[in-house]
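Work out the full structure: start from the sequences and follow the hints.
Number of protein chains: 2
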Amino acid sequence: MISSKIENIQKRMEKDDFQGYLLADFANINYLSKYLPSSFAFCVIKEGPIIYCSQMDMELASKNSTIQYVQFENFSKLIDDLKEEGIKNLAIEPSLPFETFSKFKEDFKIDSVDYVNKERMIKTSEEISNITKATKIAQDSFLELDFTSGANEKALSYELGRLMRQKGAFSESFDTILTSGSNSSLPHAIPENKQLEKPILVDWGAIYNGYCSDNTRTIVYSEREYEIFNIVKEAHDESIKVIKPGLKCCEIDKVARDIIKEYGYGDLFIHSLGHSVGLDIHETPNFSPKDESIIEKGMVITVEPGIYFEDEFGVRLEDTVEIQKSAKIIGDLPLELNIDL
Amino acid sequence: MISSKIENIQKRMEKDDFQGYLLADFANINYLSKYLPSSFAFCVIKEGPIIYCSQMDMELASKNSTIQYVQFENFSKLIDDLKEEGIKNLAIEPSLPFETFSKFKEDFKIDSVDYVNKERMIKTSEEISNITKATKIAQDSFLELDFTSGANEKALSYELGRLMRQKGAFSESFDTILTSGSNSSLPHAIPENKQLEKPILVDWGAIYNGYCSDNTRTIVYSEREYEIFNIVKEAHDESIKVIKPGLKCCEIDKVARDIIKEYGYGDLFIHSLGHSVGLDIHETPNFSPKDESIIEKGMVITVEPGIYFEDEFGVRLEDTVEIQKSAKIIGDLPLELNIDL
Chain A
0 MISSKIENIQ KRMEKDDFQG YLLADFANIN YLSKYLPSSF AFCVIKEGPI IYCSQMDMEL
60 ASKNSTIQYV QFENFSKLID DLKEEGIKNL AIEPSLPFET FSKFKEDFKI DSVDYVNKER
120 MIKTSEEISN ITKATKIAQD SFLELDFTSG ANEKALSYEL GRLMRQKGAF SESFDTILTS
180 GSNSSLPHAI PENKQLEKPI LVDWGAIYNG YCSDNTRTIV YSEREYEIFN IVKEAHDESI
240 KVIKPGLKCC EIDKVARDII KEYGYGDLFI HSLGHSVGLD IHETPNFSPK DESIIEKGMV
300 ITVEPGIYFE DEFGVRLEDT VEIQKSAKII GDLPLELNID L
Chain B
0 MISSKIENIQ KRMEKDDFQG YLLADFANIN YLSKYLPSSF AFCVIKEGPI IYCSQMDMEL
60 ASKNSTIQYV QFENFSKLID DLKEEGIKNL AIEPSLPFET FSKFKEDFKI DSVDYVNKER
120 MIKTSEEISN ITKATKIAQD SFLELDFTSG ANEKALSYEL GRLMRQKGAF SESFDTILTS
180 GSNSSLPHAI PENKQLEKPI LVDWGAIYNG YCSDNTRTIV YSEREYEIFN IVKEAHDESI
240 KVIKPGLKCC EIDKVARDII KEYGYGDLFI HSLGHSVGLD IHETPNFSPK DESIIEKGMV
300 ITVEPGIYFE DEFGVRLEDT VEIQKSAKII GDLPLELNID L
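In the order they appear, the protein sequences are chains A and B.
0 is the number of the first residue of the first sequence in numbering that gives the first Met the number 0; add one for each residue after it.
0 is the number of the first residue of the second sequence in numbering that gives the first Met the number 0; add one for each residue after it.
Think of the hints as simulated: they come from the structure by calculation, not from any bench.
Accuracy of the hints is not assured; some may be wrong.
Copies of one chain are not kept apart here, so a pair can be met inside one copy or by any two copies together.
[What the hints assert, rightly or not] Below, in silico cross-link-like pairs of lysine-lysine (DSS-like), each with a Cα-Cα straight-line distance of 30 Å or less:
| no. | residue 1 | residue 2 |
| --- | --- | --- |
| 1 | Lys62 | Lys289 |
| 2 | Lys102 | Lys289 |
| 3 | Lys153 | Lys62 |
| 4 | Lys102 | Lys87 |
| 5 | Lys87 | Lys108 |
| 6 | Lys82 | Lys33 |
| 7 | Lys10 | Lys296 |
| 8 | Lys108 | Lys82 |
| 9 | Lys102 | Lys14 |
| 10 | Lys104 | Lys117 |
| 11 | Lys197 | Lys166 |
| 12 | Lys76 | Lys260 |
| 13 | Lys289 | Lys82 |
| 14 | Lys253 | Lys102 |
| 15 | Lys193 | Lys33 |
| 16 | Lys327 | Lys253 |
| 17 | Lys76 | Lys289 |
| 18 | Lys87 | Lys104 |
Listed below in structure tokens is the structure:
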């Protein structure tokens with residue numbers, strides 16, 4: 000039986016006159032087949048969808064895949080199979096490596112389309128419940144983390160990972176950013192073997208049942224840090240209030256960016272307001288100045304304004320929101336947290 | 000000052016008549032510039048090499064990059080810059096996403112080349128010393144891990160990661176495979192929340208100063224498991240003895256594969272014999288049946304034969320070897336280990 004996700008993709012293919020759609024991205028293959036490759040694999044959506052998987056993944060595919068699978072032998076065989084089925088116009092993923100595209104370009108008319116990403120944008124209630132559970136695990140673990148133990152940044156970030164696993168997470172959804180002092184001005188700082196300084200910025204998440212969570216909290220101390228915290232909090236709160244289906248993603252980014260600009264810190268908000276979250280930690284669409292995608296019900300997107308003073312400190316506050324008639328924050332961890340150092 | 004690595008690449012470019020070489024792979028950019036991007040970046044090797052990095056990485060690039068960098072604005076600006084410098088033939092990485100290639104294809108004559116991977120194949124003594132240190136950290140941590148603590152697979156694999164960090168590792172070089180019982184027949188098994196069964200298979204590594212280590216040990220118990228262990232050990236030992244510069248990579252794979260075939264288990268050795276290791280855990284060339292690359296001094300490659308009985312058990316033994324006049328195993332952890340469960 001072919002799932003409704005695959006049927007939707009087949010309809011788009013028919014409309015655009017593609018007879019085959021080649022996928023190699025692990026998350027896309029997992030999304031469509033419940034088989035998450037551990038080595039390379041090629042999934043071809045066509046009248047009868049099929050996965051070509053590596054010899055060493057055959058047992059794994061046999062345990063998990065809802066799509067028929069065969070062992071990949073070589074590209075000639077795969078290409079011959081597709082030609083024999085009458086495939087002439089072949090769709091590929093935008094992320095497909097040039098090298099792989101090159102293997103197919105002589106035999107097919109190729110163009111890239113993001114049908115799977117389009118499907119993945121709108122989360123089912125089951126997907127949202129996985130993201131909600133991942134968020135609960137991550138937030139509960141954060142609250143149990145003992146910042147006053149004397150452990151350094153790196154040890155604390157690792158302990159947070161242990162707590163999340165203990166509560167049922169598969170793993171972190173990305174390398175935990177637990178940073179402090181002047182390193183907090185680097186949006187993607189790496190935890191170091193050094194004692195906590197002020198302020199403390201933690202950007203972390205868990206994976207539950209394949210789905211990611213994403214949050215950031217900054218614990219501030221000085222008057223100056225509080226002042227910046229409150230601006231970032233205003234940008235966070237006001238942009239979330241505005242979110243609703245039908246608006247463009249870039250309009251939400253603008254709400255937060257305009258608030259930060261008004262206070263004179265526009266140049267220091269050095270990234271987009273947010274990104275979608277699901278099986279991957281970064282999905283589309285984005286709350287970014289350039290993303291004109293229309294917001295729809297069922298999207299799950301982060302809101303994470305930040306202000307960064309190079310070599311001094313940074314403040315970022317991030318929640319993940321589920322979009323229905325309006326935006327609902329997933330999880331219930333307060334933005335303002337106090338930790339006595 | 001332009002490094003000798005970049006000069007070597009510029010020479011290859013000149014020979015092949017490329018005026019520019021576009022790189023987006025993080026490890027490649029790190030290899031050439033010492034700046035490891037935390038967000039997207041484009042490095043263009045040309046007469047004056049330059050990196051276009053994301054706004055949020057500008058501070059990181061300023062701290063680390065040995066190559067000039069500017070802030071990426073958009074693709075039109077980047078393309079205009081390259082055209083103004085007279086670039087007509089543009090080389091790209093084989094791994095470059097189709098979507099990125101598409102942005103450049105109208106304005107340049109493009110082909111993919113693996114100049115950087117070619118450079119990265121031959122490790123300097125400094126790179127080998129980093130891999131050696133990573134291996135020492137990983138092996139010392141393994142010996143300290145208490146398999147008899149009653150902790151389950153997942154908790155033990157996490158504890159191994161903690162020990163490696165404590166000894167100076169940046170992180171694991173890949174998700175630790177600590178598996179046992181029938182799951183050991185999956186080459187890339189995922190540690191589970193279950194008590195250890197027999198046999199135990201651990202495939203793990205550390206990152207030190209950016210460089211990866213990679214080892215596998217299988218702890219066997221039954222007579223049958225020992226029998227298979229000894230076949231895998233013979234394939235491991237004999238193939239390492241044969242390695243020397245001038246031979247083809249596939250010839251080494253064949254030595255191990257022939258031994259396993261002789262014992263009647265050829266169909267159960269379901270992956271290649273080995274892969275190169277460096278800044279990435281999987282580099283080229285590979286000890287695989289299809290890789291005709293010539294072995295050279297300075298290569299660092301794994302040797303990891305395995306035999307897998309579906310739903311029963313698997314045995315894999317892996318060392319990483321440094322190639323000089325012959326192959327020298329990095330590290331000194333014995334293949335045969337005893338753990339009383």
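Hints and how they fare:
no.	hint	in the structure
1	Lys62 <-> Lys289	between (42 Å within a copy, 28 Å between copies)
2	Lys102 <-> Lys289	between (33 Å within a copy, 16 Å between copies)
3	Lys153 <-> Lys62	between (37 Å within a copy, 20 Å between copies)
4	Lys102 <-> Lys87	both (15 Å within a copy, 24 Å between copies)
5	Lys87 <-> Lys108	both (6 Å within a copy, 25 Å between copies)
6	Lys82 <-> Lys33	within (27 Å within a copy, 45 Å between copies)
7	Lys10 <-> Lys296	within (21 Å within a copy, 54 Å between copies)
8	Lys108 <-> Lys82	both (12 Å within a copy, 28 Å between copies)
9	Lys102 <-> Lys14	both (26 Å within a copy, 25 Å between copies)
10	Lys104 <-> Lys117	both (24 Å within a copy, 25 Å between copies)
11	Lys197 <-> Lys166	both (29 Å within a copy, 27 Å between copies)
12	Lys76 <-> Lys260	between (57 Å within a copy, 25 Å between copies)
13	Lys289 <-> Lys82	between (39 Å within a copy, 24 Å between copies)
14	Lys253 <-> Lys102	between (42 Å within a copy, 26 Å between copies)
15	Lys193 <-> Lys33	between (41 Å within a copy, 22 Å between copies)
16	Lys327 <-> Lys253	within (19 Å within a copy, 59 Å between copies)
17	Lys76 <-> Lys289	between (42 Å within a copy, 15 Å between copies)
18	Lys87 <-> Lys104	both (11 Å within a copy, 22 Å between copies)
Figure legend: structure checked against the earlier numbered hints; every hint is met.
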